[in-house]
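Student: Given the structure of chain A, go ahead and fit chains B, C and D onto it with the hints provided.
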Amino acid sequence: MNFDDNPEEAAYRAEVRAWIEGNAPDLSVLTAEERRTWHPAHKEAARQWQVVKADAGYACISWPREWGGSGGTNIQEAIFNQEEARAGVQFTYFMTGLHFLLPALLEHNQDELTLSLIPSAVRGDKIWCQLFSEPSSGSDSAGARCAAVRDGDDWVINGQKVWNSGAQASDYGLLLTRTNPDVPKHKGLTVFWVDMTTPGLEVRPIKMMSGDAELNEVFLTDVRIPDCQRVGEIDGGWAVVISTLMNERAALGSGTGLSWRDVMALARQTPSWEGTVMDDPAFREWFADYYIRTEAVRLTSFRTLSSLSRGEAPGPESSAGKLLWSNSTQDMSSQAVDLLDMSGLLVDAEDAAANGAFQHRFLWAPGLRLGGGTDEILKNVIAERVLGLPGDVRLDKGVPFREIPSGR
Amino acid sequence: MNFDDNPEEAAYRAEVRAWIEGNAPDLSVLTAEERRTWHPAHKEAARQWQVVKADAGYACISWPREWGGSGGTNIQEAIFNQEEARAGVQFTYFMTGLHFLLPALLEHNQDELTLSLIPSAVRGDKIWCQLFSEPSSGSDSAGARCAAVRDGDDWVINGQKVWNSGAQASDYGLLLTRTNPDVPKHKGLTVFWVDMTTPGLEVRPIKMMSGDAELNEVFLTDVRIPDCQRVGEIDGGWAVVISTLMNERAALGSGTGLSWRDVMALARQTPSWEGTVMDDPAFREWFADYYIRTEAVRLTSFRTLSSLSRGEAPGPESSAGKLLWSNSTQDMSSQAVDLLDMSGLLVDAEDAAANGAFQHRFLWAPGLRLGGGTDEILKNVIAERVLGLPGDVRLDKGVPFREIPSGR
Amino acid sequence: MNFDYTDEQKSLKDEARRFLAAVSPLTAVRAVLEEPGIGHDPALWKRICEQGWCGAAIPEGYGGLGMGYVDLCALAEELGRSLAPVPFASTIYQFAEALVIAGNEEQKQRLLPLVSAGEIIGTLAASEGPGVLRSDALKVRYVDGKLSGTKVPVIDGLAANWAIVLAASDEGSVLVLVDLSQGSVQREVVATLDPTRGAARIHFDGAAGEVIGQAGQGAQLLARVQDHAAVLLAFEQVGGADRCLEMARDYALERYAFGRQIGSYQAIKHKLADMFIANEVGRANAYYGAWALSTQAPELPLAAAAARVAASAAYWQASKENIQTHGGIGFTWEADCHLFYRRARHLGLVVGAPRDWKRRLATRIEQQVAAEGIAA
Amino acid sequence: MNFDYTDEQKSLKDEARRFLAAVSPLTAVRAVLEEPGIGHDPALWKRICEQGWCGAAIPEGYGGLGMGYVDLCALAEELGRSLAPVPFASTIYQFAEALVIAGNEEQKQRLLPLVSAGEIIGTLAASEGPGVLRSDALKVRYVDGKLSGTKVPVIDGLAANWAIVLAASDEGSVLVLVDLSQGSVQREVVATLDPTRGAARIHFDGAAGEVIGQAGQGAQLLARVQDHAAVLLAFEQVGGADRCLEMARDYALERYAFGRQIGSYQAIKHKLADMFIANEVGRANAYYGAWALSTQAPELPLAAAAARVAASAAYWQASKENIQTHGGIGFTWEADCHLFYRRARHLGLVVGAPRDWKRRLATRIEQQVAAEGIAA
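Residue numbers (the working numbering), protein chains in the order written: chain A, 677 to 1084; chain B, 677 to 1084; chain C, -5 to 370; chain D, -5 to 370.
The set of hints was computed from the structure by calculation and includes no laboratory data.
Wrong hints could be hidden among the right ones.
Computed footprint of chain D on chain A, listed as stretches where at least three residues anywhere in the stretch have a Cβ under 8 Å from a Cβ of chain D [to be verified]:
| hint | segment |
| --- | --- |
| 1 | 678 to 688 |
| 2 | 961 to 972 |
| 3 | 1056 to 1062 |
Treat the numbers as computed from the prediction; the structure is a model and nothing was measured.
In this text, a Cβ means the ideal position worked out from N, Cα and C, and glycines have one as well.
This is chain A alone, in the form it adopts within the complex:
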């Protein structure tokens, strides 16, 4: 066990730290308003940084060179990410495409057309989104109803998608469709990539309870795409879905956002009966419990990395990491709001402690337990894939898709 860098790792870290210091964008020139995610100025700064990284070979460090990557190791990529986060220049716009979708796409399609899509994504010129979930099938991706019907060399697609993160600003999407409703549900799915400007495709942002609107509904009406945009086999789409979900859970398991340091800073500046909240033994016990959980998320993501660096697939420990992170974040945001007492109600940056970051987190927290696999689905994953317990009793197994009860 060694949580230190070895000499090569330390050298690499020093190299990228220096490079980041010399090349990172200066976000301080943006106003507070412009610094919010999805603000055009913020997005443009992120895009420019992506170009700089791509030119220097830091955009997709662990990808093979033939995909436009640098052929580096997962450890190197993780070190770069850590240093990027340390410098405060980590952006989420390209994560879905570069970490979840494109590796899955390239796993199944290696043709020239597919490869031609990659450089623009690596440079941040094009953004990708996932078009899997549907209104009647949230946790149950295989329950997709969006219909793709063959018409000559084309497919004609009708249906609706939902919870599509970033779709309002995306250029391409990976789309899950049903191509055969007469076989059991996992066996009649096909995946395509689509240009988001294709006629008949309409994106409508969904306002979330936090007031943000980066999730969307996507309506598809007689959308026509050529068969060459199909990913993997006809009716073989489930394999593509699985690839992306594995990538997604590995990424989410590492946790992001406010950390124990932020909570500690808040506690130290908030008065209590005696001294500050940080001096309160009840808070200190809570804080110790919270700390070991967030540390576990961080340390478990290192273990995922150890597996990756040995060429193994990320294990289901990343499901545990995602559960821990989302639940302890909700608990933390609740605690942070409460320790402010009545002032915890204030949300505006100018009124609220820590510029309202904890209140914003409090309102986002319910979503963390839903996106990227709900608590309930992830516990099933752990029970079944790690512990080998039986699957839930399935009433839909082997049943033709159109006969599965849906309550509608």
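Tutor: Just chains B, C and D now, with coordinates in the frame of chain A:
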């Protein structure tokens, strides 16, 4: 809402308090050893007290007079129980018979033979036990395999029972048998009452993890009993089981044992970093959370009583009470042991704080979450009967009993 | 002994539920949410005042109905269920109760009839900044009959005509009754986690005010007012938590996943059972609080703290697990789940956070045990 | 970076598991349980000593193998899994570590080779009575080279030949090395929650002892010893917790209720998933502790406290929910579940209860942050 006695209730309370003061047995003449439950001297003191109560009409206050009761109200019975507890003269030997089993027995059988069994139970001369659970059917009472086969006017019984509380000291038992394995499991059960000295019936105490041995296995080998000992209809035993389970959960929902006062006393006598544990803010927050739960158990049992006094059946809120009580008791015993730090390990009465009562509770606590309905079963009860959610998917529904998978 | 509402109280409660369902559907709550800064629904407030609810527990001698606190608890439970966006809690549970507890006869005669008639909106201003309220470190001061300093957040602080303000004075802490219409009072909206309940920052710049209750006893009087409010708020919390459970139950019956109602999965069944249990803990402790409040029993401080701790925990659990049960749809702005999540936190903070009340509870248990020791 | 055991360490661990499965099955643990007062299995202890495990992390210069702490952690994990009823933790994690940390060269030369060779049993005696250990209120005193007073409970206090005792002296707290065979030491068995790990009350009646480490620094030295012990104990806890999860999983696959494996019910599946998550939290923090211990990193005090808090919580949850998963059978004396429930609490208390370590953790986080501030 009124948590005070009304004038009649207050008068009744004063009357029984005075009567108990004048008539209660003096347990201080017993040694510490003799004061343990199931010690012959303790049991004899309990029996004598039961006789005194029966003579004065306080043994089964709410039972109708024709059953040997006093025709009083449930509120009166509750007041008597509270005063008995207050005076430290409440015993558990007769509870299973008088509160769970005999009311169910009398609900189904009113013949002369049955009625003749009652007076000895009311006076504590005879103890009753429940013979329902089996090794392969813990939570699933309807899965009983113990076979009863008709032979002329008799039934011949073979099988095994387990977790029979107090069977080692009981005179009679209420026995659940399978009389028809070719129909779905709830429909082939029959209940009998048995004399525990019947030939072929053997009781073997089970030592529990706490070291106590008041639960038993009961083996039945060619036990022959006449049909007149049948309770309810042939193959109609499930109705009898339901009656006793309802009575049991109503009783368990009110909670017994160490209270918040005992924990508080322990905290006040245990030194901490500053002052005692009771002065520690972290302990105080835990204590507040524990207190509201135990208060809820107490207050919810009053609401059960309100329902009873209106002639309504005890609602499933008693399942909530039992869950709360058993889980918060395990939490409390864990907390109590921990606050003693290393000395929490000591178990002997002469070494341990509070005579080792908390350590004994700590070792009993896992059983509290299992006996009288496991956590899991009771949550199903609440979900299904209170909230109206669907039953679990059942693979055994409508399946002949002998075809249900059992893993053995 | 009787551990439930009386039949009359049940009728009152049923009637209130029907009334609120008609006049305060969640669309009305949402309308307030969507209009930043409005803070309450004046038309709805007028209709509620017309029902006479403001005077429910105010003695008849002061223009009220004198129905007693348990009736007011029944109304509070229904107001909590409906999320009615009105300044009822500030005006009735806090401002009016402060007058009842601390006001002199003249003050009561002057103001309680106006409260009963729904002619004024009142509030109580204590919080000054982040962290637990410490009455020994108040920055708002009351000197020579004048108030100076800033209170924030003050719930319904913009809508209110009158406020009772906790301030420091030469004699110690003091409650000060202030007419908010005077020029030396400046108010501005502050945005909070629950926009359906307005809040303000109030600057007092030498505003005239009169002492209510004994000077130097402000903190103690405030604690008594908060005990009353805690019980009444607990009923709003229990009402809201129950509705969350019902919403989750209904959705679990309606929604299918993997070919089954999601309510047939034990993960959902047991989650809802846990919500039910937490709500029962809240309800049981709230009922006991109602009894103690209505009889002014010596157990009131203890029962009020227990009710607040239990009901705050229940509503938090119910409101977050209701969202979780709904899945992604529950996280949207359009779904109603977040209205309850917001209100749950609002109610959990308005007279102080649970960590504060847990400590009050522990202290009051100790006091109760000490008193028993003396009595025995 | 490498966040796992090396291949060599994995082999060591596998070998240890096979060895312990052969020599220390649960029937051997149960034999100690059934014989009150015996406290450990001397034959098993002898076999473990013959493996050389006692000297695993002791430097070669003192007769040890000098394999390093991560190897010792691997052995600890397997000892914890097997519940081996031997005085390994007292002798190696506490007594030997105290010598390594505080002993002078002569003391190390005299005693560490004997420890390495398995020729002595040592223990550390700190606790004197109920409640957290307060080094400013010790009743055992060390005056003119003599110890007086009572320590209870002392784990392996009856089997041990030597003890290191925390005592008060004129110079402040001090660690005192005592030969327990002398006549002025009286010992008696005390019964504990885990009879498979013996404990004693030890009376010192002017027993001769020598100071180890600096007089006046006893409490600080003890804290350092406890940090080492906390990491090693965390591995025993993680090993035990993992085995509980495996037992529960196996039973859930084997047991049928209502015609289905109980492991097919989400209530059981999610309970086991929660146990898995808690164990992962324990394991991740324990691994970090192992790294800090093996490198004597400045993060050691922080990492040790985190490992202890996380591993104690994991084992408690795993041991109680393992019983729950087993149902009634899990509550019997005959079933093995309670052996783990008892050991979990034993390990959770031996160097201080979680409430103590949570506070140490908070303090050490503050110290770490302060140190970063200075470094940055």
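Student: All the hints need checking, so say for each whether the structure fits it.
Tutor: For each hint, the structure was consulted:
Taking a C-beta to C-beta cut-off of 8 Å, the segment 678 to 688 of chain A contributes 6 residues in contact with chain D, enough for the three needed, and the coverage statement holds. Using a Cβ-Cβ cut-off of 8 Å, 9 residues of the segment 961 to 972 of chain A lie near chain D, which meets the minimum of three, so the contact claim holds. Residues of the segment 1056 to 1062 of chain A with a Cβ under 8 Å from some Cβ of chain D number 5, which satisfies the need for three, so the listed coverage holds.
Every hint, counting from the list given before, is met by this structure.
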